[in-house]
Amino acid sequence: MSTACSLLQVAGEHDREFSMSDYEGARARWCSGCGDHSVLASMQRLLADENLPPEQTVFVSGIGCSSRFPHYMSTYGFHGIHGRALPLATGVKLNRPDLNVFVVMGDGDCVSIGAGHWIHAIRYNVDMVALLLDNQIYGMTKKQTSPTTPQGYVSNTQPQGSWLPPINPVVATLGITNASFVAQTAEWIPAHLFATLQAAHRHPGFSFVRVLQRCPHFTPDMFGDAPKNPDSVQLLVHEDGIDIKALESRYEDRVRHDPSDLDAARRIAQNEDKVRIGILYRNASLSTYEETRRVSSQTAAEKVAILNEELDRHAI
Amino acid sequence: MTTRLPMLEPDAPQVPELETLETSSHTVEVVSDPGEGAQRCGQLFGTVCAKMGNGVWTVEIIPSEVQPPPRDPNAASGNRIRIGSGPISNWGDRTNLVVAFNEQVLMYRHRLGALEDDAVILLENRWADHQDEDIQAEWRAALEELSGTNYRIIEVPMHEVCAKLVEDPTLGKNMFALGMLAEIYGRDVDLVRKQIAFTFQKKSQAIIDRNYLMLDAGIDWARDHLDFRVHVPSVTTDESMVVMNGNQAIAMGAIASGMELAAMYPITPASSVSHHLGGIFQRFGGIIHQAEDEIAAAGVALGASYSGKVAFTITSGPGLALKTEFLGLAVMTEIPLVLVNVQRGGPSTGLPTKIEQSDLLAAMFGQPGDAPHVIIAPATIEECFHVMITARQIAETFRTLVMVLSDTNLATGVQPFPRPQLDVAWQAPSPDQSPIPENLRPYDWDPRTGLSRRFIPGQPGGMHTVTGLAHDEGSKVAYTSEINQRGSAMRSRKLAVLQHSLVAPTVNGDESGDLLLVGWGSTKGAIDEAVERARDAGLSVSNLHLRFLSPLEPGLKEIFGRFKKVMTIEINYSDDPEMPYITDENRRRGQLTWLLRAQTLCDVDCWTRVLGEPLRPGAIYDVIRANLPEGGPE
Chain A
0 MSTACSLLQV AGEHDREFSM SDYEGARARW CSGCGDHSVL ASMQRLLADE NLPPEQTVFV
60 SGIGCSSRFP HYMSTYGFHG IHGRALPLAT GVKLNRPDLN VFVVMGDGDC VSIGAGHWIH
120 AIRYNVDMVA LLLDNQIYGM TKKQTSPTTP QGYVSNTQPQ GSWLPPINPV VATLGITNAS
180 FVAQTAEWIP AHLFATLQAA HRHPGFSFVR VLQRCPHFTP DMFGDAPKNP DSVQLLVHED
240 GIDIKALESR YEDRVRHDPS DLDAARRIAQ NEDKVRIGIL YRNASLSTYE ETRRVSSQTA
300 AEKVAILNEE LDRHAI
Chain B
0 MTTRLPMLEP DAPQVPELET LETSSHTVEV VSDPGEGAQR CGQLFGTVCA KMGNGVWTVE
60 IIPSEVQPPP RDPNAASGNR IRIGSGPISN WGDRTNLVVA FNEQVLMYRH RLGALEDDAV
120 ILLENRWADH QDEDIQAEWR AALEELSGTN YRIIEVPMHE VCAKLVEDPT LGKNMFALGM
180 LAEIYGRDVD LVRKQIAFTF QKKSQAIIDR NYLMLDAGID WARDHLDFRV HVPSVTTDES
240 MVVMNGNQAI AMGAIASGME LAAMYPITPA SSVSHHLGGI FQRFGGIIHQ AEDEIAAAGV
300 ALGASYSGKV AFTITSGPGL ALKTEFLGLA VMTEIPLVLV NVQRGGPSTG LPTKIEQSDL
360 LAAMFGQPGD APHVIIAPAT IEECFHVMIT ARQIAETFRT LVMVLSDTNL ATGVQPFPRP
420 QLDVAWQAPS PDQSPIPENL RPYDWDPRTG LSRRFIPGQP GGMHTVTGLA HDEGSKVAYT
480 SEINQRGSAM RSRKLAVLQH SLVAPTVNGD ESGDLLLVGW GSTKGAIDEA VERARDAGLS
540 VSNLHLRFLS PLEPGLKEIF GRFKKVMTIE INYSDDPEMP YITDENRRRG QLTWLLRAQT
600 LCDVDCWTRV LGEPLRPGAI YDVIRANLPE GGPE
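Keeping their order, the protein sequence lines are chains A and B. For what it's worth, numbering that gives the first Met the number 0 labels the leading residue of the first sequence as 0, then goes sequentially. For what it's worth, numbering that gives the first Met the number 0 labels the leading residue of the second sequence as 0, then goes sequentially.
Source of the hints: derived by calculation from the structure; they are not laboratory data. Beta carbons: idealized from backbone N, C-alpha and C, even for Gly. Among the hints, erroneous ones may be present.
Label-pair ranges, simulated between beta-carbon atoms [as the list claims (entries may be wrong)]:
(1) GLY115/A - THR236/B: 49 to 57 Å
(2) PRO428/B - GLU16/A: 30 to 38 Å
(3) VAL234/B - ASN307/A: 20 to 28 Å
(4) ASP223/B - ALA304/A: 45 to 53 Å
(5) ASN307/A - TYR478/B: 51 to 59 Å
(6) PRO430/B - GLN197/A: 23 to 31 Å
(7) ASP260/A - ALA196/B: 54 to 62 Å
(8) ASP272/A - LEU360/B: 55 to 63 Å
(9) THR479/B - ASN155/A: 27 to 35 Å
(10) PRO428/B - SER295/A: 17 to 25 Å
The list that follows gives simulated cross-link-like pairs (lysine-lysine, DSBU-like), each with its CA atoms no further than 30 Å apart [as the list claims (entries may be wrong)]:
(11) LYS142/A - LYS273/A
(12) LYS201/B - LYS163/B
(13) LYS142/A - LYS475/B
(14) LYS227/A - LYS141/A
(15) LYS142/A - LYS227/A
(16) LYS141/A - LYS475/B
Work out the full structure, taking the sequences as your base and the hints as a guide.
As structure tokens, then:
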């Protein structure tokens with residue numbers, strides 16, 4: 000993209016060059032081996048690659064391990080409340096379409112307590128990147144079952160094993176009106192993660208990315224053997240999607256998938272026998288909410304004049 | 000007494016002998032089944048009266064359902080309009096003249112005690128010989144019940160007359176009623192027609208013409224059949240006036256304050272603020288966002304405020320409860336935010352369409368943790384306009400949450416007030432996008448005032464993460480023991496600073512005496528009127544009315560000390576001290592009473608009611624008498 004970038008160039012920002020260190024905030028306090036570290040590094044690399052001015056970029060999060068993310072960046076950040084990052088981000092972007100907005104949520108945040116906002120954010124189609132860092136467990140509150148926890152998985156709240164089958168967030172997203180960009184990637188494949196973040200950022204609309212993310216402390220065994228065994232991973236490749244030559248030698252199971260094919264995307268997402276990563280769906284033709292709601296700004300004096308007209312209608 | 004007027008031949012009207020009542024105040028109400036247009040009729044009549052220079056106060060009579068079964072006394076719908084020669088500040092006591100579309104809605108008003116003993120009732124009489132015998136029986140029973148009253152009931156063949164003019168008289172019969180009122184009160188017919196055209200501007204000309212036809216029929220019928228008129232002289236003023244309801248005033252005030260984003264979720268009785276904004280906000284570069292729920296509405300408003308101009312969210316009690324966590328976040332992050340709560344009856348779904356002032360303590364203490372913020376309650380419809388400008392400015396200056404507590408009485412009441420002389424300085428400046436000086440931190444609290452400069456995204460050098468976690472001056476998560484104490488003190492200090500900038504409230508009446516009444520919100524007019532009546536009767540009573548509830552206005556303890564007794568008058572629940580088990584220790588008092596007792600250590604008493612209706616000056620007058628030493632002089 001992006002509209003924001005091109006606007007900024009007009010504003011003379013093109014002569015500033017940013018490096019990864021320009022985006023580094025406080026030292027991350029996640030556990031050693033936590034997948035969030037990988038996402039943070041990829042994100043800092045993306046911002047440097049795209050040369051996004053830190054002051055024009057806002058990271059919004061909810062509550063949970065992954066929601067500490069904005070603190071570890073050196074952009075503007077809004078560490079909000081549990082499940083409600085998306086309404087905050089919607090407000091930011093609606094008021095300031097010139098800002099680059101990224102949202103970082105966990106699976107409890109997005110798929111449980113904030114599920115209503117998630118569904119409606121897809122429908123609003125506000126131009127932002129929404130990351131679901133899905134470790135399939137509540138980590139910060141110490142290993143409670145989340146809506147994406149596999150059935151039968153033992154946790155502190157369901158020691159007999161999770162009673163219910165999990166929600167598949169990608170299937171759910173693909174089912175919502177106005178779904179605009181839906182991708183799945185894994186934090187243990189940095190090249191794929193980076194390419195996915197880049198595509199999401201460049202997409203004009205609400206870009207939903209589910210990042211499969213390991214929690215070494217509570218759920219080191221999630222995603223089966225996929226983190227270690229490339230044969231358990233299938234790459235969805237396409238010239239309009241993600242196709243990384245460097246991954247070909249390691250990941251032999253590659254399937255061509257055209258991201259414009261919504262029906263195929265839904266079929267693929269539903270099939271959970273393997274970890275499938277790639278861009279499932281992309282449609283850049285949908286109008287964004289901030290475009291739909293765009294209004295022309297008025298000066299204070301103009302507003303007074305128009306308000307006086309309105310008052311005339313109520314005059315005695 | 001029932002007067003069944005003889006039906007006259009249209010070509011041979013016998014114009015009755017006229018008697019004109021001269022009065023400085025008169026109250027009329029129009030009641031029907033929902034959907035028959037009594038509210039529209041009442042609103043039009045009230046607006047016309049205001050435009051003719053009368054003081055006006057209107058109150059909606061409104062059921063919760065859109066189209067409940069017909070002839071259901073509990074579903075009566077309509078409008079009550081009090082007009083006067085001077086300014087009218089409240090809905091008054093009881094109704095002098097009623098137009099009722101059926102006897103069941105009339106009985107509802109009668110049983111509520113809403114009508115004066117000698118009220119004149121214009122009653123649709125098509126039910127007397129209705130083909131349904133049950134309805135006939137209901138009619139006879141109702142009139143039998145009313146036969147013991149002193150009402151003057153005049154049967155009006157509204158349906159019959161209208162049926163001769165249009166195919167379906169149920170549509171437009173309200174304009175016939177408006178015609179009768181126009182004739183009775185001597186309204187300027189051109190003005191009435193103009194107002195009809197304005198109200199129905201989005202409808203076809205055929206509909207407007209049909210309404211004119213019915214209006215004329217009502218005027219003609221009243222002229223030919225009614226033997227009385229009411230004259231409420233108007234006082235002409237040079238001051239330019241506008242007329243609107245409180246929710247319209249809030250919408251316009253928000254625009255005047257320069258706010259450009261409102262987020263809401265539909266809820267009665269707050270929604271009409273957004274209806275009004277929905278029609279016009281875009282012209283001002285404003286966006287009204289209908290969110291997926293109340294929580295999201297608060298979040299969108301807070302996110303918008305964070306990124307620039309102050310935004311606002313609009314709700315009622317149940318929505319206030321849902322927004323709670325975001326409100327705490329606004330306080331903790333010190334992001335300016337304005338919340339409008341148009342109060343209704345509670346708890347839970349409560350009385351969705353009726354007035355109560357029961358959200359004060361929830362508004363003040365509803366957020367877990369210590370979350371100091373500002374609460375302002377407008378007392379009049381005019382104040383609904385101006386409060387939004389004040390709220391925006393305080394939110395911005397003090398980096399705080401400001402709650403505006405309106406209520407159903409203000410929201411739906413229509414009242415004329417001096418036209419605001421708009422000022423560009425009322426509007427928020429464009430968000431600061433200049434670089435942040437080095438070494439300045441996002442919460443560099445002035446240790447005396449707690450005030451600090453807000454950083455807005457886009458400002459180079461200001462990058463930081465705001466957080467709901469306890470944090471230090473740099474917005475860094477607090478890991479040492481003193482930071483939370485310091486942050487709490489700084490957020491709280493701002494209220495004390497604001498309180499120092501407020502002036503002590505004005506006492507209406509003598510500065511000292513036997514009894515002081517204290518009110519807040521929409522009850523001001525009724526309390527003022529009751530106190531004036533009492534003072535005219537020689538009673539030693541004064542009153543004061545609070546706008547700022549948090550922080551409380553200064554000087555209260557000193558003022559209270561000058562009166563033998565102080566009590567609040569409120570529309571929320573308090574225990575009657577005479578009831579079983581109720582003692583001075585366990586008595587639950589009015590919501591403002593709690594605050595005043597806690598803050599002043601004065602023994603403040605209260606009189607409160609939750610009848611789902613505004614307070615009547617007559618009832619407050621009785622309270623004054625009952626609470627004076629020995630009942631005061633006779």
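Structure-based check of each hint:
Between GLY115/A and THR236/B the beta carbons are some 51 Å apart, a value that agrees with the proposed interval 49 to 57 Å. Roughly 33 Å separates the CB atoms of PRO428/B and GLU16/A, a value that falls within the hinted 30 to 38 Å. In this structure the supplied range 20 to 28 Å holds for VAL234/B paired with ASN307/A, their Cβ-Cβ distance being about 25 Å. In this structure, ASP223/B and ALA304/A meet the distance hint of 45 to 53 Å, their C-beta atoms being roughly 48 Å apart.
Distance hint for ASN307/A and TYR478/B: a CB-CB separation of about 54 Å, consistent with the stated range 51 to 59 Å. Checked against the given bound of 23 to 31 Å, the beta carbons of PRO430/B and GLN197/A, roughly 30 Å apart, stay inside it. At about 56 Å, the CB distance of ASP260/A to ALA196/B agrees with the hint of 54 to 62 Å. Checked against the hint of 55 to 63 Å, the C-beta distance between ASP272/A and LEU360/B comes to roughly 56 Å, which is consistent with it.
Remark: the range hint 27 to 35 Å for THR479/B to ASN155/A is upheld by a beta-carbon distance near 30 Å. Our hint of 17 to 25 Å for PRO428/B and SER295/A holds, since their Cβ atoms are close to 19 Å apart. Taking the CA atoms of LYS142/A and LYS273/A, the gap is about 24 Å. The hint holds against a cut of 30 Å. Note on LYS201/B and LYS163/B: the hinted pairing holds, with a Cα-Cα distance of about 27 Å set against a maximum of 30 Å.
Only pairs whose Cα atoms come within 30 Å are accepted, and LYS142/A paired with LYS475/B is accepted, the gap being roughly 26 Å. Note on LYS227/A and LYS141/A: the hinted pairing holds, with a Cα-Cα distance of about 25 Å set against a maximum of 30 Å. Note on LYS142/A and LYS227/A: the hinted pairing holds, with a Cα-Cα distance of about 23 Å set against a maximum of 30 Å. For the hint pairing LYS141/A with LYS475/B, the CA-to-CA distance comes to about 24 Å; that is within 30 Å, so the pair holds.
Of the numbered hints listed earlier, not one is contradicted by the structure.
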